Amino acid sequence: SCCWPAAQAPAPASGTVIRAPRASSTIVIVSSADVNIAPQGVAHWDFQIPATVCTVTGRAEGLAGGSRDFEILILDDDNYRNWSAGLQAKAYGSTGRVTVTNINASIPGPGTYHLVINNAFLPAVQKTVEVSAQATCP
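Mind the numbering: the sequence shown is residues 1 to 138 in this note's numbering, read in order.
Hints are computed from structural coordinates only; laboratory data are not their basis. Since the structure is predicted, the reported quantities are computational estimates derived from the model, not experimental observations. Ideal Cβ positions, reconstructed from N, Cα and C, are used throughout, including at glycine. Heads up, a few of these hints could be off.
Capping the alpha-carbon separation at 20 Å, the derived lysine to aspartate or glutamate pairs in EDC-like fashion look like this [unchecked claim]:
1) 90 <-> 76
2) 90 <-> 71
3) 90 <-> 77
4) 90 <-> 78
5) 90 <-> 46
Cβ-Cβ distance ranges computed for the label pairs, FRET-style [claimed, not checked]:
6) 128 <-> 28: 19 to 25 Å
7) 138 <-> 66: 37 to 43 Å
8) 50 <-> 98: 28 to 34 Å
9) 85 <-> 45: 18 to 24 Å
10) 92 <-> 24: 15 to 21 Å
11) 55 <-> 32: 16 to 22 Å
12) 102 <-> 138: 18 to 24 Å
13) 41 <-> 111: 23 to 29 Å
14) 99 <-> 25: 28 to 34 Å
Model the full structure from these sequences, guided by the hints.
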């Protein structure tokens, strides 16, 4: 049996270091889910980021409850604790009050982060929000 000749890569110059390209990793924060959020409540997912800058992307859409509005925040651990206590906090991403939104934020690692859906707008209305989010790290 006959074969095609094997392709040969040119030899590297002396002293050249060849590195394989680094594959990016994806951290699933929440896979497409319909989340019920109590009146004045929150839904929250925590996730770990390695020692690099990662991009959090995703989408959220209010499906039911009042005007279907909500707010999404991405907070590091310290700021999540401050925000949870009703104190001033810095978010790496914040949508403000929306009914549908794309999520897109760059966050530095390493660290623990929190994706929060906040239903603080109406005191007596449960909301249902469909959400998916992931972090992509080079």
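Quick rundown of the hints versus the structure:
| no. | hint | in the structure |
| --- | --- | --- |
| 1 | 90 <-> 76 | holds (8 Å) |
| 2 | 90 <-> 71 | holds (15 Å) |
| 3 | 90 <-> 77 | holds (11 Å) |
| 4 | 90 <-> 78 | holds (9 Å) |
| 5 | 90 <-> 46 | holds (16 Å) |
| 6 | 128 <-> 28: 19 to 25 Å | holds (21 Å) |
| 7 | 138 <-> 66: 37 to 43 Å | holds (40 Å) |
| 8 | 50 <-> 98: 28 to 34 Å | holds (29 Å) |
| 9 | 85 <-> 45: 18 to 24 Å | holds (19 Å) |
| 10 | 92 <-> 24: 15 to 21 Å | holds (19 Å) |
| 11 | 55 <-> 32: 16 to 22 Å | holds (19 Å) |
| 12 | 102 <-> 138: 18 to 24 Å | holds (21 Å) |
| 13 | 41 <-> 111: 23 to 29 Å | holds (25 Å) |
| 14 | 99 <-> 25: 28 to 34 Å | holds (32 Å) |
Violated hints: none; the structure is consistent with every hint.
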